[in-house]
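Colleague: Please construct the entire structure, taking both the sequences and the accompanying hints into account.
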Amino acid sequence: MNRDTDRGLARFPLFIALAGAVAGLALGLALAVGTAATPADVFALPALRLAVDLTGTLVVGSSAIGLLLPAESHSPARSTAGRAAAREVRHLGGRLTLAGSAAWALLALVLLWVQAGIASGEGLGIGLDRVSDYLDVVAAGRGLLVAAAAAVLCGVLVAVGERRELPPWMLPAVALLGITALPLTGHAAALEDHGLAVAVAALHAGAAAVWVGGLAVILLLVAPRRGLAAQVLPRFSRIAAWSLAIVAVSGLLSALIRIDPMPAGLLTTGYGWLVLAKTGVLMLLAAVGWTLRSRVVPSVARHQPGSLRRWATIELGLMTLAFGLAAVLAMV
Numbered sequence: 001m002n003r004d005t006d007r008g009l010a011r012f013p014l015f016i017a018l019a020g021a022v023a024g025l026a027l028g029l030a031l032a033v034g035t036a037a038t039p040a041d042v043f044a045l046p047a048l049r050l051a052v053d054l055t056g057t058l059v060v061g062s063s064a065i066g067l068l069l070p071a072e073s074h075s076p077a078r079s080t081a082g083r084a085a086a087r088e089v090r091h092l093g094g095r096l097t098l099a100g101s102a103a104w105a106l107l108a109l110v111l112l113w114v115q116a117g118i119a120s121g122e123g124l125g126i127g128l129d130r131v132s133d134y135l136d137v138v139a140a141g142r143g144l145l146v147a148a149a150a151a152v153l154c155g156v157l158v159a160v161g162e163r164r165e166l167p168p169w170m171l172p173a174v175a176l177l178g179i180t181a182l183p184l185t186g187h188a189a190a191l192e193d194h195g196l197a198v199a200v201a202a203l204h205a206g207a208a209a210v211w212v213g214g215l216a217v218i219l220l221l222v223a224p225r226r227g228l229a230a231q232v233l234p235r236f237s238r239i240a241a242w243s244l245a246i247v248a249v250s251g252l253l254s255a256l257i258r259i260d261p262m263p264a265g266l267l268t269t270g271y272g273w274l275v276l277a278k279t280g281v282l283m284l285l286a287a288v289g290w291t292l293r294s295r296v297v298p299s300v301a302r303h304q305p306g307s308l309r310r311w312a313t314i315e316l317g318l319m320t321l322a323f324g325l326a327a328v329l330a331m332v
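So the sequence shown is residues 1 to 332, counted in my numbering.
In case anyone wonders, no lab produced these hints; they're calculated from the structure.
Just so it is clear, the structure is predicted and the values come from calculations on it, not from any experiment.
Positions of the beta carbon are idealized from the N, C-alpha and C atoms, including for glycine.
Don't take every hint at face value.
Here are the simulated distance ranges between beta carbons [said to hold, decoys possible]:
{"hint": "1", "residue 1": "95", "residue 2": "132", "range": "32 to 42 Å"}
{"hint": "2", "residue 1": "276", "residue 2": "102", "range": "46 to 56 Å"}
{"hint": "3", "residue 1": "22", "residue 2": "227", "range": "34 to 44 Å"}
{"hint": "4", "residue 1": "71", "residue 2": "12", "range": "44 to 54 Å"}
{"hint": "5", "residue 1": "301", "residue 2": "133", "range": "53 to 63 Å"}
{"hint": "6", "residue 1": "162", "residue 2": "256", "range": "27 to 37 Å"}
Modeller: See the structure below:
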């Protein structure tokens, strides 16, 4: 890639991420055509699920940024500027968590309302009694309620954390609880091997959220601060490698559990085609991740100019593409 392309990608990471998500959603709907019952099922539910997943993932990343930043006594080069940069990123991470939590909670409740309206056959004009009936019967509805509650609690913890010191793991732990609530109560819970299925689904969602959310926040808040990036990126690179491994293994196990017959079902069902598409994207992500880990991270660690934002933006776009496919997959 030339320098103009490099600068263009780095300048619009959120646009690239959004484009990837929309492309993944469109591709997923095309592959799964015929598996949903109504127009609302075809578009509204996967689109809302995608929005819920992306905002929750962003909260996971922003809430965990404090775990990646160097401690006050080990700031970059032990300099005043380095300590100030770390404090600024912590502050911005808190603001991002607060805003993301509000959006996450709202979107989860909207998705719950839409699902309840579709299930009742009465559309969006339902009352709270219908939503209550839906929650009594459908575990996935309760999962959305847990996700919304976790999002609200994340916002509360950010506010409390401004007045008193909290354990740094507390906020990301609550965010991960909200992220895993949906796969724990989704389609996997109804399968014959539901114990293994829900555990695998929760691992898959949690690892993906740590990987994608962490990269997004590093790209937005850390990458522009080269000295801080030299400290943070090598740490995150190790976490990303483990996350990729967990996502790959859990995805394979989930496919083996869900697709019957295997391997013929990969080519004869919409679910199978979605799994193949996600596998292809994951392979591309592995290649981009290897480039980051082997070429970009070492140069950043040495405080040398590199292509961090270019490659991280490409990786983020592929990640949101996979999230778009996963949103459709969750509704099939």
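Colleague: What hint numbers does the structure not satisfy?
Modeller: 2, 4 and 6
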